[in-house]
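Residue numbers (our numbering), protein chains in the order written: chain H, 1 to 258; chain D, 1 to 258; chain P, 1 to 258; chain Z, 1 to 258.
Hint data in this document are derived by calculation from the structure and do not stem from the laboratory.
Fair warning: there could be bad hints in the mix.
Identical chains blur together in the list; that is why a pair holds if it fits in one copy or across any two.
Below 25 Å or equal to it, Euclidean Cα-Cα: the simulated SDA-like pairs (lysine to any residue) are [to be verified]:
#1 K199 to D7
#2 K58 to Q188
#3 K199 to L8
#4 K116 to M80
Protein chains: 4
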Amino acid sequence: MKNEMPDLQQSADTRNIPIDKVGVKDIHYPIVVMDRSQEKQHTVARINMYVDLPHHFKGTHMSRFVEILNQYRGEIDRNMGEILEQMKRRLEASSAHIEMEFPYFIEKEAPVSKAKGLMEYSCRLHGQLDENDQTDFVLGVSVPVTSLCPCSREISSRGAHNQRSEVRVDIRMESFIWIEDLIMWIEQCGSSPVYSLLKREDEKAVTELAYDNPMFVEDIVRAVTEKLSKIDEISWFRVECENFESIHNHSAYAMLER
Amino acid sequence: MKNEMPDLQQSADTRNIPIDKVGVKDIHYPIVVMDRSQEKQHTVARINMYVDLPHHFKGTHMSRFVEILNQYRGEIDRNMGEILEQMKRRLEASSAHIEMEFPYFIEKEAPVSKAKGLMEYSCRLHGQLDENDQTDFVLGVSVPVTSLCPCSREISSRGAHNQRSEVRVDIRMESFIWIEDLIMWIEQCGSSPVYSLLKREDEKAVTELAYDNPMFVEDIVRAVTEKLSKIDEISWFRVECENFESIHNHSAYAMLER
Amino acid sequence: MKNEMPDLQQSADTRNIPIDKVGVKDIHYPIVVMDRSQEKQHTVARINMYVDLPHHFKGTHMSRFVEILNQYRGEIDRNMGEILEQMKRRLEASSAHIEMEFPYFIEKEAPVSKAKGLMEYSCRLHGQLDENDQTDFVLGVSVPVTSLCPCSREISSRGAHNQRSEVRVDIRMESFIWIEDLIMWIEQCGSSPVYSLLKREDEKAVTELAYDNPMFVEDIVRAVTEKLSKIDEISWFRVECENFESIHNHSAYAMLER
Amino acid sequence: MKNEMPDLQQSADTRNIPIDKVGVKDIHYPIVVMDRSQEKQHTVARINMYVDLPHHFKGTHMSRFVEILNQYRGEIDRNMGEILEQMKRRLEASSAHIEMEFPYFIEKEAPVSKAKGLMEYSCRLHGQLDENDQTDFVLGVSVPVTSLCPCSREISSRGAHNQRSEVRVDIRMESFIWIEDLIMWIEQCGSSPVYSLLKREDEKAVTELAYDNPMFVEDIVRAVTEKLSKIDEISWFRVECENFESIHNHSAYAMLER
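One chain only, chain H, in its complex shape (with noise of 0.2 Å):
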């Protein structure tokens, strides 16, 4: 029965226009990632999948990606060279990409109490496979900081605006590198690190280690861009910073990449 059914996707396509990337976006998934001090952790992804398409052909197979995805139950970030070969292989294409998105826990002590409580990060790894078979892997965490503005603890007779930052990094790599550590590289770059469970001591320890630490947006760029410098495993790497300014309404942003 299935085999009689006609392959549309299969069929020719005669306006010569190859495609880019096509594929599947936004599937929700499960997955166990590496975790350096627990082996495995569970979390939940999304993932897009794309090849390009030569030009002759109409379409490409949808179901495919869905199916190569099942094969590694959820084991994605230590299969993603043998994922994209399969994507290559299987759908006929010339290159592939993987790209994933998912909340990565750590746990974390306060820094006075030592009490401890998970914090979430947001991380991204993106694959890619080319025509040459060459790959490309980047690996994205987002991490929340404190920052402390200058500018108004210098010109204020007392306290000074603080807020919320996001500091985004994404690094291509020469060697492994742990999301722990590459993590707690950035968290040092902020006025304070943040934390999910701070007691009365801690609180009063990261007010005035931000208090001490005062650091613009741009600051916390350049303090970053220092400190991935000289990881010889990074070759390459983006790093923003938005800070969700306590006294406005919008934020103030820096990127830069090297």
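Add chains D, P and Z to chain H, keeping to what the hints say.
Here is chains D, P and Z on its own, set in the frame of chain H:
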């Protein structure tokens, strides 16, 4: 031609199940709202329109909602009562609901330099006409303010964490109240108002004002409650405050209804 | 050190304004929920926790919410009653609320090929413990289905417009109901269920099923109403359906509560 | 007073790290854009403004962005070149960027009844002025259309699944193009256009049009490519199409850049 087409929506339904609300949702629409200083303000709304459906009808006529909306060329706020009546009549319903949400802009002077900037406030207007032809209107505004933590200020030897907060207030009115007044009352209830344009001398002023005026999320909803309780034109209100904590990646929240 | 710090939250408040809900909002947290076929399922929730605040307290202790949450290591669903009790006791409150929202995955077979794919359903669980120690739990699910327009089918000489719809159902239960059952009941109420993986023979089957089974948004909420009214374990429900119309850029919507 | 305040932003930075973009993000602002039929259209934009920051400055002056914006009273589109020049000059930068996104409304007639309704299209306008004073402008529109699956139609004995799709197109222009024209070209490339108001006779027409005109996501990006390739005024474009599949809970997607 048209009249020969069957009208399935009008056909009988025998399941004996009346429906509370049926209609159109998420219509984006340019509107003109009343503005105290400029008379009229152009903005863009997201609109929902519903009626009830008696058990004996199979369906409502969705296109009539859009036709009714189009008659008023975006002057929805001052015609809401009439629109609700039309909805009941033309859709043969016993109750009608309209919900709209739109950004509203007010020119605001910085506290010291008097530099002018436009502040955006998200507003809501919900109207209902029931089976007894009683109307019910609820006006809502979301007002960003700065909040500075009293605990952090008290226990820290320098500084105090602060952040952007959003105060959401919904009211029922005995008589007309300008959006501008409602927003102004609410803005006075945070540690400091928020501005779109601040020069250095203003930044000093708002920093010090917030420091001198520390408020928990609980203090803000209580301050709004005290303020609104004294306004005779207001017969009911609900106030919510959410602090986008600068030391956490989650919010502090409080709500009360009177 | 800690004990010498002033506890501002415990200090007296003289404004005589009790607060309905105060607490923490939008905590992202990895959880483990009950799963009928696999016993346990790992997922990630967004959690809100609130208590009421008597008029004589200045503030609540926000960190205690997170401490209570951490005690249960993500096993929230089966411990919700106990968590609510702890919240009341440790925060000296007379009522407590917990709200969680999480994606839930079910393996589902395609209708003809029997190919297996994971479907995601957004779920909600709200619990409340009131001043009389009465609990109230509401379970909610969002279920995507296909809807095919009866009017379009009737009046057109070929085809019929159809689209993805979202059916949102919230229920109160007399006795335990599996999420899997609730979802299955709802999926039978659209023109066709939705799948993550369909081979060509399946695509033919769901296309024809939807065409043979046309339903307005009103029909879907009525079908769900008929179905759930027969389930003895359900004491209350609200059903909403939103059709993301393929011929409009807005939605058709219906809601009823029983 | 103001002049005595230290200007920290102007102070020297010795880390030798220039920043690609620094500025303000997510300013909501009422604007007036050019409209072919009505001359002017009032709408509301979300605006980002950035400049580069030479390595020797500690920070940029965020308030100046807002001051520049305010000078133009919302007439941003026709003054973008001048705004970019002002940004470079007043912020002592070598490059400047402005990004705005706004809903744009066009009155559109239903295909048979000629009933008029307002359609909303999300638009984007990005401008850049580089270190050599070269400008670069990109105009983007998001256009909803109906897509009807050719495979589903071919293999099914009745009906065919269809859904709302979003076509996103960004272009660089050699000479001026009206947003209205760009949208019209794109709308012709789906299985059927989408309308805000359709009477029964129109619903029949669009249902049959879509059925007679089945298109994969790949067909839509190719049809847009064929169309835009013939427009001399367009020197570059990127086209994306996302189908919010009615038989899945994820999207089909295609993209190409020329």
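Which of the numbered hints above does this structure break?
none
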